[in-house]
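Quick note, the sequences are listed as chains A and B, same order. For the first sequence, the numbering used here begins at 1 and goes up steadily by one. For the second sequence, the numbering used here begins at 1001 and goes up steadily by one.
For the record, the hints were derived by calculation from the structure and aren't laboratory data. For every residue, glycine included, the Cβ atom is placed at its ideal position computed from N, Cα and C. Some hints here could point you the wrong way.
[Said to hold, decoys possible] Which chain A residues face chain B? A few, computed with CB under 7 Å, are given here:
1) Gly105
2) Lys106
3) Asp406
4) Thr424
[Said to hold, decoys possible] Sample of chain B residues facing chain A (criterion: CB under 7 Å; computed from the structure):
5) Gly1010
6) Ala1013
7) Thr1017
8) Ile1118
9) Ala1132
10) Ser1136
11) Pro1138
12) Leu1139
13) Ala1163
14) Thr1293
15) Lys1340
16) Arg1342
17) Pro1352
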Amino acid sequence: MKLFKIRGGVHPEYQKRLTRKNEIEVLPMPPMLHMPLQQHIGARAEPEVNAGDKVKKGQVIALAKGMISAPVHASTSGTILGIHEFPAPHASGLPWQTITMKSDGKDEWGEMPPPMNPFESTPEEISDRVAISGVVGMGGATFPSAIKLYLGKSHQLKTLVINGSECEPYLTCDDRLMQEKADGVLDGARTIARALRVENVIIAIESNKPDALSVMKEATKGYSDVKVVGIPTRYPMGAEKHLIQVVTGVETPSGKLTADIGMVVHNVATAYAVHVAVRYGYPLMTRVVTVSGGAIKEPKNLLVPIGTPVGSLIDYCGGLTQEAHRILIGGPMMGQPLISTRSPVVKGTNGVLALTKEETRKQDEMPCIRCGSCVTACPCGLVPLEMAARIRKEELDAAVDIGLMDCVSCGACAYVCPSYIPLTQYFNYAKGRLKAIQGEQRKQEITKQLAEQREVRLVEQMRAKKEMLAKRKAEKAAKAAAQAEAKAAEEATAAPQEATSTEMTSSPPEVN
Amino acid sequence: MPNRSATEGGPYAHKKTSVQRTMVLVMVALVPATAYDLYLFGWPAINLFVITIASALMIEALCLVIARKPIVMFLTDGSAILTAWLLAMSLPPWAPWWIGVLGAGIAIVIGKQIFGGIGQNVFNPAMVARVALLISFPLEMTTFVAPSPLGTAGAPGFMDSLAFTFGLANSVDVVSSASVLGHVKTELSRGIPLQQALEGNYDLFAMTLGDASGSMGETSFSLILVGGLFLIIKRVISWHIPVAMLGTIAIMATLFNLINPAQYPDALFHLVSGATVLGAFFIATDLVTSPVTKRGQLLFGVGCGLLVYIIRTWTAYPEGMAFAVLLMNAMTPLIDRYIKPRVYGRTIKGDPLAPKGGS
C-alpha cells in the first residue's frame, strides 16, 4: 500500500525494549478501588449508588449525563464506601469526585446485557451497546467512543483507521494487545466499521513493532475489507490527522473533524474494548497498562482493573530501584506528571512511568538561539519559537494569528530544543488562558445581554402600568359618567330616593 | 515518592542536545582548518588566536557581571569562544595584539551583549567586528603575509613572535603578500587582463590546501569544506544556506566569465579563493542571525551569494563576505516574517483547506 509523507516529527529514544517482550500479566484485584466520575472528555457522570450499597461486578455506578459523557462501572463486586474527593491522576493533583469501593473478594458478576453478534445487529444497536458499556478512546484522548460511532449517521464515512502506531516512547501496551488479542482487536475493528457503515478498515502499525505487524497481518488474512499497514516509526505518527494523511494522503482542513473528510480513527485498545462490550456484554472495567521506566525494578505490561491505585502497579513491578525524577501517567512526550501514587488508573491510563534524571534529561533553560530545530520538528508547520516569543509577552492574539490553535501539543518542538525552552508549556498555558478569557467574555456578554433585556423589560413594564392606569381611569370616568346619567334618569323617575343616591356619588374620586 | 512540584510541563524526555553541544560541534568542525592555518602561519598567528579568544571571554564575563546574568552558565555556553574563533579566522594572521582585543570587544559588546546577549543579536558579531576593524584600520587589516610554517627557516620563534605581536621589537621580517582576490582586483583595475594577473599567483592546488596568503580562515578551502560537511552530517546546520550561496556564486561567476573571460574569473576561482567556503558553511549559517525556515534559508543563501559576487566584482573591496552576510542579516527578520512553512490543514496563505470529502 502506498504511504504518504508528513512533515516534521522526531525520533525519540523509544525504550520499548524494556517491556516489549513482556506478556500481559493480570494484576490481582486490589482491596480498594477509586473510580472518578470524570474519566472521559465531556460531562461528568452522575453517581447511581450511595455509601453502603452492595454492588456487583460490571454494575453501573454512575450514569452518563448530557450529550457527551460516559457511564462508570464497578470493576469488581463489593461495597461502596462513599463518593468523595480524591487525588486525580492529573498534573494538578486536584481532587476529583470519586466513588470509592471496597472489594469483597468474590468478584461476582452482576446482570450483564446479552452477547451480540455485531454482524447481525444494526449500527445503532452496536453504538448503543458501546455507549452503555462506557467505552472511551483508550489511546489517552478518552473521548466517548459511542459519540464517534454515531458519526456514521451524520457523515458520509469511507475509511476507519485503527491506530496501532503507539508512537509514545516506553509504551508497549497496544503492541502486546495486538500480539496477544489479535482476533479481538480485529473483531472490534470490524464491529466499529459496521457501526460507522464503512467498508474499508486500515490497521496502521509503526514499523518498530514487527511482531504485532506480522500477527495482525496473519489474523486479517481472509478479510478483504481490512488492511494492515506498517508505517514509518516517527513521533507523532499517532496524531489522528497525521496518521490519516500517512495512510490515505488526505489532509484534514484546519478546524474540521476527520469525519468531515470521511475518516474516523480509533485506537487498538478501544477496538478491543468494543469487541468485549459487544460480543460478551462486558463494560469497560479493565485495561492494559505499561509500567516502565529506568526507576522501575521489573517493567511489565499489566491488565489492571480501572480504579486501582497507581502505587499498587508499581509495587507489583517490584517497586522503585532509585528515586524517580518523574512519575508519569502516559508516555514521556504527552503524559502528565503524577502528584500522588494513591491516584487511580483510569480508562485513559496507558502507561505508568518512573523516569530517572538521566532519562528526562532536564536542564536549565537558556535563551533561544533561533536554530530553527523546532520549526523542522513541528508536524503542523508552525514556527514554535515565534509563538513562544509572543506568549512570553502575553500577546496571545498575536500567537493565535501565527497558528497557536493549529498546535496539537505533541511536544516535538520542546523535545529538540537545544535551549530546553518549555515550548509546549507555553502553548498549553496560552490555550488555557485563551479559553478562560473566552469564557469570561461569554459571561460578560451574557450579563450584558441580560442587563439589556432587563432594561427593555422595565421600560415595557412601566409602559404597561401607565397604560393600565390610564385605561382604568378612563373606565372609571366612563363609569362615573354612566352612573351620573343613571342617577339623572332615576331622579327624573323616582324623586323620593334622592338621599341615598346622593351619598354614593359624593364619595371622593380615586386619585391617580 | 517524589512529590516534586509538577509545575514543569512536558515532554519529559529530551533529545541529547544543548546550546553548548551545538557550539562545541562547530568548534570541532573548525579544528582541522584552524590547526593547519596556525601551523602554516606560525607563532604570531597562534598568539593572535589565543589573545582574541581570551579577551572575548574576559569581556563577555564583564558584560555578564554588569547585566547581572549567571556568569558560569553563559560563559560556558561556548558562544563567546566561537565568536572570537571565527573573528580570529577572519583576521590577517600576523595582525598585532590590539586588533584581536579590539575586535573581540566590538564583537562581544556591540555585536552581541548590547542586544541582550546570546540569541538576541541581529548581526553576526564576528562580522560586525571584522567590518568595523576593516573600515577603521585598513592597513593592519589588509597586511597579509605569505605562509611560513612552524619550524621552517623563515618562521619566527616563540619569543620573537611575542615581541612582534605586542609591537615591542621589529625582530621579525614580514614578507607581505597580497591575497589572490586583492591582487586580481588591483591588477584588473590597472587594466591588466585576468589571465596575466593570475599567472604565478593562482595555484589552484595550493589554494585548496591552504598554502596561500590571506586571512587564516580564507586560505584552506578543503579543510573548511571538511568541517562544513561534518556540520551538515551532525545536523548542526542544514545544506540550504551553503548550497544556495555557493550555487549562486558559481552561477554568477560562470555567467559573467562566459560573457567576458578577460574581465571575470570563473566559478572555481571564486569558490576556492577568499572567504567563500568559510562564509558559506560557518559565517552565513550562524543560527542566531539566519532565517529559521528552510525556504527562508535558501533565499538568504542566494542573497549572500549575489552580494558576495557583486561586491567582489564591482566595488572597491576585493572581498565582500562580511558585508554580504551583514546585509542579509538585516534581511533575516523580514524573511522570517514573510516566509513561513505551510500550516497543517491550511493553504500557504493561512486559510483552511477546502474539504475534499474523502479519498
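Given alanine 1132 of chain B as an interface hint, is the shortest Cβ-Cβ distance to chain A below 7 Å? Cβ of alanine 1132 of chain B sits 23 Å from chain A, so the hint is violated.
Closer than 7 Å between Cβ atoms is the bar; does lysine 106 of chain A clear it against chain B? Give me holds or violated. At 32 Å from the nearest chain B Cβ, lysine 106 of chain A fails the 7 Å test, so the hint is violated.
Does arginine 1342 of chain B hold up as a contact with chain A if the rule is Cβ-Cβ below 7 Å? holds, 5 Å
When the nearest CB of chain A is found for proline 1352 of chain B, is that gap smaller than 7 Å? holds, 4 Å
Double-check isoleucine 1118 of chain B for me: the hint is only fine if its C-beta lies closer than 7 Å to a C-beta in chain A. holds, 5 Å
Quick one, is the glycine 105 of chain A hint okay against chain B at 7 Å, beta carbons? With a closest approach of 28 Å, the glycine 105 of chain A hint is violated.
Under 7 Å is the threshold here; is the Cβ of threonine 424 of chain A close enough to any Cβ of chain B for the hint to stand? Nearest chain B Cβ about 6 Å off; hint holds.
Can the hint on proline 1138 of chain B be confirmed by a CB-to-CB distance to chain A that is less than 7 Å? Result: violated, 33 Å to nearest chain A Cβ.
For the hint on alanine 1163 of chain B, does the least C-beta distance to chain A fall short of 7 Å? With a closest approach of 40 Å, the alanine 1163 of chain B hint is violated.
Using Cβ atoms only, decide whether threonine 1017 of chain B comes closer than 7 Å to chain A, and label the hint accordingly. Interface hint status for threonine 1017 of chain B: holds (5 Å vs cutoff 7 Å).
Serine 1136 of chain B as chain A interface residue, shortest Cβ-Cβ below 7 Å: violated, 29 Å
Against chain A, with CB atoms and a cut of 7 Å, does the hint on threonine 1293 of chain B hold up? Where the cut-off is 7 Å and the nearest Cβ of chain A is about 6 Å from threonine 1293 of chain B, the hint holds.
The structure fails to meet hints 1, 2, 9, 10, 11, 12, 13 from the earlier list, while all remaining hints are met.
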